[in-house]
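Asker: Since the structure of chain P is provided, determine the placement of chain A on it from the hints.
Taken in sequence, the protein lines are chains P and A.
When you number the first sequence by this note's numbering, it's gap-free, plus one each residue, and the end is 416.
When you number the second sequence by this note's numbering, it's gap-free, plus one each residue, and the end is 1409.
Hints in this document: simulated from the structure, not taken from any laboratory.
Treat the hints with care, as some may be off.
In silico DSS-like links for lysine-lysine, alpha-carbon gap of 30 Å or less [stated by the list, open to error]:
1) Lys173(P) <-> Lys1146(A)
2) Lys235(P) <-> Lys1072(A)
3) Lys1092(A) <-> Lys1056(A)
4) Lys1287(A) <-> Lys235(P)
5) Lys173(P) <-> Lys1092(A)
6) Lys62(P) <-> Lys235(P)
7) Lys235(P) <-> Lys1396(A)
8) Lys343(P) <-> Lys370(P)
9) Lys235(P) <-> Lys1309(A)
10) Lys235(P) <-> Lys1054(A)
Since the model is a prediction, treat every value here as computed from it, not as a measurement.
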Amino acid sequence: MKIKKTIGFGIRICCLALGLVFITSSAAVAQSNNYFVYIGTYTGFRYVHHSRTWGVGESHSKGIYVSRFNSASGDLSEPELAAEITNPSFLAISPDHRFLYAISEDPLSLGPPLDHSSYVSAFAIDAATGKLRLLNTAPASGTSTCYISIDKTGKYVFMANFGSGSVSVIHVKDDGSLGELTSFIQDVGHSVDPSIQTEPHTHFIGVSPDNRFVIVSDLGLDKIFIFHFDDNTGKLSPSDAPFAMVYPGGGPRHFTFDPEGKFGYQLSEMSGNVDVFAWNSTQGSLTEVQRVHTVPHDFFGDNHSGEIEIRPDGKFLYESNRRTRGENVRGPDTIGVYSIDPKTGVLNPVQAILSGGIMPRNFDIDPTGKYLLSANQLSNNIVVFSINQTTGKLEKTGKEIQAETPVCLKFVPAGR
Amino acid sequence: MRMKNTFALLFCSILLMTVSAWSSPAASDDYFVYFGTYTGFTYMREGLPAGGSKSKGVYVSRFRPSTGELSKPELATEIVNPAFLAVHPNQKFLYLVTEDPLSLGPDFDHESFVTAYAIDQSSGKLTRLNSMPTGGTSTCYLSIDKTGHFLLFANFGSSSVTVLRINDDGTIGQQTAFMKHIGHGKDPAFQSKAHPHSIDTSSDNRFAVVSDLGVDKVFVYHFNAETGALSPDQPPFIEVERGGGPRHFVFDSSEKFGYSLHEMSGLVSVMAWDRANGSFTKVQDAKTLQADFVGSNDSAEIAIHPNGKFLYESNRRFRGPEMWGPDSIGVFAIHPTNGTLAEVEQVSPGGTMPRSFAIDPTGAYLFVANELTGNVVLFHIDPATGRLTPANRELKIDVPVCIVFVPHK
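The following block holds chain P by itself, in its conformation from the complex (with noise of 0.2 Å):
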């Protein structure tokens, strides 16, 4: 305790001193083990969703949460209620790390003839406590909006509605509220899949890293789906290649791009397959190199994949398969870990641990990409990963905190 007082001592000296000629970049350094971690949550449905009466009422959770982070030791807080807020179920944060944005999903459900709006709301984050500070509220413009993400820019937020099957762009003004939508695209058609793929379910959507395109991943139609971005006006106009496809039935839910820009990377909920994409930036096109099946050939059981992401250094892709009928089915509940070859975005299978829990829907990797936090809807826990710097694997710390129903979580850095 007291050599680790003289050295956090000797730290401070030390930033005191590069303080001194790089004020900003030391108070950078000083913070920079410090995390807010957002938590998002389902609170419960109302009336049904997705014509089902499953989840209805079954969550004691109140809306966002935030954890604190500490990415030298992998220390993670006790959850406290950031923002009271129905159905979070998922989370964006401005590239300035002030706002918070979050889809409501479903916040009225009432089943057949009528669906549901789905919401998206502003938040402005204090720094100090992490608490939320609701800014405005918009309609998401379509129904059982899944996804949202926010462009390079900032001034724009993306929300992908599965039930519609649309995307939907809205303006952030300078304050960080929610402005005018200014873009929709409706997909329409079908895929092979007679139990979800009987209309159009758009799951992700996200821009290109230099900003120009926006990539939408349909789970009903097996497509992925291109479009130009005007980050003028807010505008999205289909590429001239304007889509790629997985195998159908497949289900593309979400999709990540390499750090550099030269790959993408689709997961695709049903077969649990990673298409690999070659990007090409100028034209704005995806063509396949691989197809990874990320769930054993003999595997029987239920699995639904969740998530997908790359560490920041680009060397290690991580994905989610998860079970998603409940205790009784059998689930894979694992997190499957690759490696990339840097020349051709290639991946290698390294390995495939248990997410500690059920129902690994999301998970999210540090900034520094120390740790991976796994989040267990279904148990309810948030299980903290070390990954191996060298091998990309992933053991657990034995860290764990109690969230009601995670389904998405968020970094921002604490206490600028």
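Answerer: Chain A in isolation, oriented as in the chain P frame:
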């Protein structure tokens, strides 16, 4: 050549008799009449090929109801597919929906837009203020709430209704409501999913009524005139006959009754309106087609005369000149106490496919827009009997589909 010129001159003078050039000074009872059109589709639409229109946007004529004088239409603004128009209660602004400017066919649907215009009080020309996505596809209808603070849209293609705020300067602002309808109806061709086709606020501005052609329902929403939010009423809708296809809706002038016109069945459902609770009770299903009619009918427009005594509705063929259609305007007398309809007459609209018509605010004339023959035909209205007689006035406008009046100040 000379002969030709003389003929042209003669032809022009004949035209002048029907469409007089505007010579008289402006008077207090003059109106601008705006005509929305289809300018054509880039790709395809509902399986029909692209193109087929020479229209360039919204056209405007001047009209004096006291004398029937009507000027030749001029282009008020160039815009793609201004399929439906609405005028702000302050008469200074006009809003229109651009239905699918870039139709791409599956697997992309189309994004529709709404554009705000300032109306030039002397020329009637329109100056664009701004444009916004409506939040839906194949947007076919818009209306403005009674306070003039909100635009309400029916998005036929994407099965939703949306509300956008109107800023004080007339520009269009944020979306304030989005409601999605799900389900289907009986007709596999048009009812495989929900298709909202109209949305209007009640005169007390507390409710919004939505006709859904795809699910055979008329929905009622609570409308919050402060926030622009919609919330489902209890009960949330009234069902109409299966396969009917509710398209457009009107309240009577006393707002005791609602009239829902059904595109496929050609019926008008007469419903008693409980304005305290916002609920409907079915009173009558009035037929607008003759019992022995054989052919393709799509009923289109419905309106009530300003005196509240007569209801008008149009029946059109749908698929072009080779199909036989009714192409008629039906006139019905409204029973003053129970709201029921009794047919007065059926009149030929003077063209093919009367998709839209409008009664001028004084109640003297009815303008019919014939989509396929590209003409707008005027009828005198007898205020005592409701009967229509041709006024021998007609305008040539390519693919006219919507008519609105604005007082000329």
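Asker: Does each hint hold? Answer for all of them.
Answerer: Hints, verified against the model:
1. Lys173(P) <-> Lys1146(A): Status holds; Cα separation ~29 Å.
2. Lys235(P) <-> Lys1072(A): Between Lys235(P) and Lys1072(A) the Cα gap is close to 38 Å, so the pair fails against 30 Å, i.e. violated.
3. Lys1092(A) <-> Lys1056(A): holds, 23 Å
4. Lys1287(A) <-> Lys235(P): Not satisfied, since the Cα-Cα distance of roughly 46 Å exceeds 30 Å.
5. Lys173(P) <-> Lys1092(A): holds, 28 Å
6. Lys62(P) <-> Lys235(P): violated, 35 Å
7. Lys235(P) <-> Lys1396(A): violated, 37 Å
8. Lys343(P) <-> Lys370(P): holds, 24 Å
9. Lys235(P) <-> Lys1309(A): Not satisfied, since the Cα-Cα distance of roughly 48 Å exceeds 30 Å.
10. Lys235(P) <-> Lys1054(A): holds, 28 Å
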